[in-house]
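**Q** Sequence:
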Amino acid sequence: MSTDIVPPPGLTRLDAEALQPSAWRFDLLPLVDARARGVLPIESNGNPLLILADPTDLTVWQWVVAQPVRWRLAITQPGEVESALALAGEQQRTLGEMDWDADSAAEGEGQITEITRETLESAASPVIRLIDSTLFDALALGASDIHLESLSNGLGIRYRLDGVMRPMGQMAGTELAEHALSRLKILSGLDIGERRIPQDGRFRTRIEGRSLDVRVSIIPSIWGEDAVLRLLDTSQLADRLTLDTLGIVGESARRLRRLTAHPHGMMLITGPTGSGKTTTLYAALGELNHEEEKIITIEDPVEYQLAGVMQIPVNERKGLTFARGLRSILRHDPDTVLVGEIRDGETATIAIQAALTGHRVLSSIHANGVFSVIERFRFMGVEPFTLAEAFNGVVAQRLVRRVCEACAEPGAADAALARRFGVEDPALDHAACRHGKGCDVCRGSGFRGRLAILETLEFDSALREAMARGATSAELARLAAAHGHRPLVQDAAQAALNGLTTLEEVSRVVDLD
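Counting from 481, one number per residue, gives the positions in the sequence shown under the working numbering.
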């Protein structure tokens, strides 16, 4: 490289305000190189910009020309670049102190830590205190997810409580938002310098003696990055779960128990993410768990601990997929196998073969309804006659919020909405509809806790014959209706008429079309 490079005219001039931490791009140029050269990398109007501390230093110009990134160059007031680099160095040291176990983070999981009221009060770093207190409060409230959202002026925090998003507050300061996301990346073993693409990870912690598995998903947004934390209380014991404790009673419970009572064959639960499929599977599995049977589960991750059951966590990075794990499980002579989720044709085929060779197989799958499950398996390449032989039944599940018992009061149902559910006016006259007026217990929502509503499709000889000859979902639905099949909307409407929930709440999660 020649040494007679002349700086071109027209350097961009920037005010000191343009050097805010939110504009820094140390992912394009490492901080150690920036400090060595006396430059500050930022982004302005979508373009990478390099601010020079000393625009007369020709060695810096030569170095810039050799870089793979085509930088635009700029200058600012004297001393501002040095101040920004010093601040960046302090922040990096602060974030470095947050890393509890770098080796463990490199493997994808942060070190197990203990969060108590005492540690919250004694935490020196405001960022550590923010993340720990958010986890502490969310678990105490029974939230299933935490949403950390970067705003133009700071960080917004929302919890998903009983399936509904609830704002919990905002924290001022864009730097706080950046540091909070960096803290989560460190705990989850993610790339702290990468801010342009989505990242997924997980970490474990303990809160007041309860083990918590946290799945983290981070995605870039217009103001920085947003994170969603899925909370799984792994200290819960599935032994305590029963269909009764979940509120699954009456005909729904009887039909579900009939499906799981078969000594071999497959029973599936379908529903959207967060509809309680795994919890219901474990409640059913708990009723089958006794010393006379060998039960093995493979899950991603293991959400509940069940005494006397061999539980295997999926680890795709190490090559342990659902399909590979299921093959190995079958060599361990199980009576009952629980597959956390059927995601692909290979897993579906192995699970079907297990059901056909004398094993009881329980699993979940994502589909719109009980009849859509059949189409999903056909799409995965499973032959119709094989499905007819293997399936015992399919359960579609949704979760609706319960009316808060602390503030519940009688109320009339909307007649027009009731008719959309197929409920006629005479049935409304004898209904025990209720609604919650809102109180401190339910945080003014009128609901507290959730209730599972089910649609159970049991496969009898007529349905099996129709499946074997390749009948469509619509044909199977008509045949099931002729044999007394009860669709999901009917179970949902009955829950509202019994005062457990409301028709308005049910219509939020059940498709009426």
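Keep in mind the hints are simulated off the structure, nothing from the lab. The C-beta atom is built at its ideal place from N, Cα and C for all residues, glycine as well. Incorrect hints may appear among the rest.
[Unchecked claim] The following label-pair restraints were derived from C-beta to C-beta distances:
# : residue 1 : residue 2 : range
1 : Leu836    : Ser632    : 53 to 59 Å
2 : Pro700    : Met645    : 16 to 22 Å
3 : Gly891    : Gly526    : 49 to 55 Å
4 : Glu674    : Gln500    : 18 to 24 Å
5 : His846    : Arg944    : 37 to 43 Å
6 : Arg646    : Pro510    : 36 to 42 Å
7 : His910    : Gly861    : 47 to 53 Å
8 : Asn769    : Glu655    : 48 to 54 Å
**Q** Are the hints correct? Go through all of them and say.
**A** Evaluated hints:
Restraint check, Leu836 to Ser632: a C-beta distance of roughly 58 Å satisfies the suggested window 53 to 59 Å. Taken as a hint, the range 16 to 22 Å holds for the pair Pro700 and Met645, whose Cβ atoms sit roughly 21 Å apart. Judged by the Cβ atoms, the range 49 to 55 Å given for Gly891 and Gly526 holds: they are separated by roughly 54 Å. Evaluation of the 18 to 24 Å hint for Glu674 and Gln500 yields a pass: the beta carbon distance comes to about 20 Å.
Between His846 and Arg944 the beta carbons are some 24 Å apart, a value that contradicts the proposed interval 37 to 43 Å. At about 40 Å, the beta-carbon gap between Arg646 and Pro510 stays in the expected band of 36 to 42 Å. Taken as a hint, the range 47 to 53 Å holds for the pair His910 and Gly861, whose Cβ atoms sit roughly 50 Å apart. The supplied range of 48 to 54 Å is met by Asn769 and Glu655, whose beta-carbon atoms lie about 51 Å from each other.
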